[in-house]
Amino acid sequence: MTQQAVGWALHALEPDEEMAVLLHLPHCASCRAAVAEAESVLSALGGVVAAAEPPPALRDRLMSAVAQTEQRPVPAPRVEQPEPTPVPVPSYPSDGRRHRLDEEDRAGRRPSWLSSRGRKLVAASLAVVAVLSVGGLAVRATQLEQQRDAESAQAEGLSELIARLDEPGTKHAMLAGADNTMVAAVLLDSGERQVYSLGLEANPHDHTYVLWGIKPDAAPVPLGTFDVATADQGSRPVGAAPQTEDFAQYAISIEPGREAPSSPTEVVASGQVEV
Amino acid sequence: MAEVADAPGPAGRRPRAASARAHDPADELLVARIVDGDQTALGALYDRYGRPAYSLARRICADDGIAEDVVQEVFLAFWRDPRRFDPERGAFGTWLLTLVHHKSVDAVRRESSIRRRTVPAAEDGDEWSAPPGPGADQAALGKVVAGQVRDALGRLPAEQRQALALAYYGGYTQREVAALTGVPLGTVKSRMFTGVQRLRSVLGPLLGEFATDFGGAR
Numbered sequence: 063m064t065q066q067a068v069g070w071a072l073h074a075l076e077p078d079e080e081m082a083v084l085l086h087l088p089h090c091a092s093c094r095a096a097v098a099e100a101e102s103v104l105s106a107l108g109g110v111v112a113a114a115e116p117p118p119a120l121r122d123r124l125m126s127a128v129a130q131t132e133q134r135p136v137p138a139p140r141v142e143q144p145e146p147t148p149v150p151v152p153s154y155p156s157d158g159r160r161h162r163l164d165e166e167d168r169a170g171r172r173p174s175w176l177s178s179r180g181r182k183l184v185a186a187s188l189a190v191v192a193v194l195s196v197g198g199l200a201v202r203a204t205q206l207e208q209q210r211d212a213e214s215a216q217a218e219g220l221s222e223l224i225a226r227l228d229e230p231g232t233k234h235a236m237l238a239g240a241d242n243t244m245v246a247a248v249l250l251d252s253g254e255r256q257v258y259s260l261g262l263e264a265n266p267h268d269h270t271y272v273l274w275g276i277k278p279d280a281a282p283v284p285l286g287t288f289d290v291a292t293a294d295q296g297s298r299p300v301g302a303a304p305q306t307e308d309f310a311q312y313a314i315s316i317e318p319g320r321e322a323p324s325s326p327t328e329v330v331a332s333g334q335v336e337v
Numbered sequence: 023m024a025e026v027a028d029a030p031g032p033a034g035r036r037p038r039a040a041s042a043r044a045h046d047p048a049d050e051l052l053v054a055r056i057v058d059g060d061q062t063a064l065g066a067l068y069d070r071y072g073r074p075a076y077s078l079a080r081r082i083c084a085d086d087g088i089a090e091d092v093v094q095e096v097f098l099a100f101w102r103d104p105r106r107f108d109p110e111r112g113a114f115g116t117w118l119l120t121l122v123h124h125k126s127v128d129a130v131r132r133e134s135s136i137r138r139r140t141v142p143a144a145e146d147g148d149e150w151s152a153p154p155g156p157g158a159d160q161a162a163l164g165k166v167v168a169g170q171v172r173d174a175l176g177r178l179p180a181e182q183r184q185a186l187a188l189a190y191y192g193g194y195t196q197r198e199v200a201a202l203t204g205v206p207l208g209t210v211k212s213r214m215f216t217g218v219q220r221l222r223s224v225l226g227p228l229l230g231e232f233a234t235d236f237g238g239a240r
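First to last, the protein sequences are chains X and Y.
Okay, so the first sequence: first residue is 63 according to our numbering, each after it adds one.
Okay, so the second sequence: first residue is 23 according to our numbering, each after it adds one.
If you are wondering where the hints come from, they were derived from the structure by calculation, not from laboratory data.
The C-beta atom is built at its ideal place from N, Cα and C for all residues, glycine as well.
Heads up, a few of these hints could be off.
Stated by the list, open to error - If the Cβ cut is set under 7 angstroms, some of the chain X residues that face chain Y in the computed set are:
#1 GLN65
#2 GLY69
#3 LEU72
#4 GLU76
#5 GLY108
#6 GLY109
#7 VAL110
#8 ALA114
#9 PRO116
#10 LEU120
#11 THR131
#12 GLN133
#13 ARG134
As the list claims (entries may be wrong) - Over the 10 angstroms line for every Cβ pair with chain Y, so calculated as not near, a few chain X residues:
#14 ASN265
#15 ALA291
#16 ILE316
I would like the entire structure built from these sequences, with the hints used as guidance.
Spelled out as structure tokens, the structure:
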């Protein structure tokens with residue numbers, strides 16, 4: 063993967079590879095170091111091109127645009143939280159396939175270093191990957207070109223949704239499966255709770271997915287049921303979200319029957335909430 | 023960048039370079055003023071970095087107008103949200119040129135006509151081994167540093183230099199480079215990886231000085 067990290071720093075990977083590296087980096091210090099070192103080397107290459115003086119008008123235009131552009135408001139200082147608060151593992155049945163929520167402290171939280179460059183890339187990559195279906199992540203740029211028109215309407219909706227990740231006050235959680243692959247996202251905005259499937263398998267008709275909210279020292283709360291059809295990668299509202307919803311984590315389980323049980327049977331994805 | 027600088031790596035890492043990367047008091051001061059909404063500080067930052075940014079964008083885009091758009095977009099994005107740059111992760115110059123590179127590549131990929139014009143220049147890969155022409159980077163970089171970067175590039179095996187040139191200056195993906203050069207994708211990945219590693223091992227001690235030299239010499 064270190065080799066891919068260099069390709070990532072070069073901005074020379076295909077969209078599916080780029081996404082894979084993006085999801086890998088938060089969990090791998092050596093690849094992050096490889097990216098940083100490669101960026102340092104490459105920026106040195108960028109500095110030895112033949113020098114060209116930018117036209118003076120460019121500075122004027124820039125400063126004029128700056129004068130008309132408001133800065134993004136400073137995010138409100140976070141209330142000091144005892145973080146990460148260990149979330150007790152709910153008493154799931156002893157199913158070897160379940161995803162232990164207590165692994166999330168290690169893997170579920172997107173580190174802050176990703177926020178500068180990564181958020182934009184997450185937005186772009188998610189839109190691409192989601193639109194072109196994650197059934198196989200092997201999305202090729204050429205296919206993207208061909209499908210762009212046909213999918214543009216859906217892409218716009220999806221892009222808008224993902225763009226909201228960057229809006230102040232929008233809470234979200236990236237939900238990873240047992241192998242740390244991100245398979246779903248939860249977005250909370252203005253009393254709306256959207257579950258956004260990126261890689262959830264279609265559920266059998268006699269099963270349902272259930273979204274759970276999890277707080278420290280409390281049992282998981284079932285928030286609603288939803289279905290994922292074949293090749294269905296879109297978003298859907300799940301349950302109603304009060305403005306004050308303050309779960310620390312979300313999890314998705316697959317349940318037999320059509321109703322949410324009182325506690326999750328098999329957790330397929332989970333992740334911590336970020337603002 | 024503390025976690026990265028401290029990360030284990032090949033023997034002989036250069037802590038000096040890492041610490042130099044993390045510090046440029048002049049930049050840090052300007053960035054802090056920009057965070058506070060000081061427009062003149064953004065102008066000052068542009069005066070330090072506008073030239074290398076424009077030079078790189080122009081090299082990749084091969085179009086003055088698009089290069090100007092890229093540079094404006096990069097600086098304006100930084101103004102809009104200066105917290106995008108995290109001093110802990112490295113020098114401002116490195117961060118900015120990385121952003122300029124990525125935005126330029128994105129622009130090139132949107133403009134296939136530009137791409138075609140870029141191919142020949144990127145493909146030869148010889149530009150680095152040639153002595154710098156008059157008025158080249160000398161004003162923006164210490165002569166010694168720039169010369170050593172060029173030397174290091176010139177000493178790379180030709181196939182590694184070509185692969186890196188196509189990707190970095192041409193904006194080609196590794197898969198496209200494989201198709202263009204007729205070698206397997208895995209080989210292309212390996213060439214780029216090895217090329218960057220070699221450059222790093224040669225240039226390592228200089229990289230920190232380099233990053234801060236973009237603006238300092240102006």
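Legend entry - Index of numbered hints that the structure contradicts, given in increasing order: none
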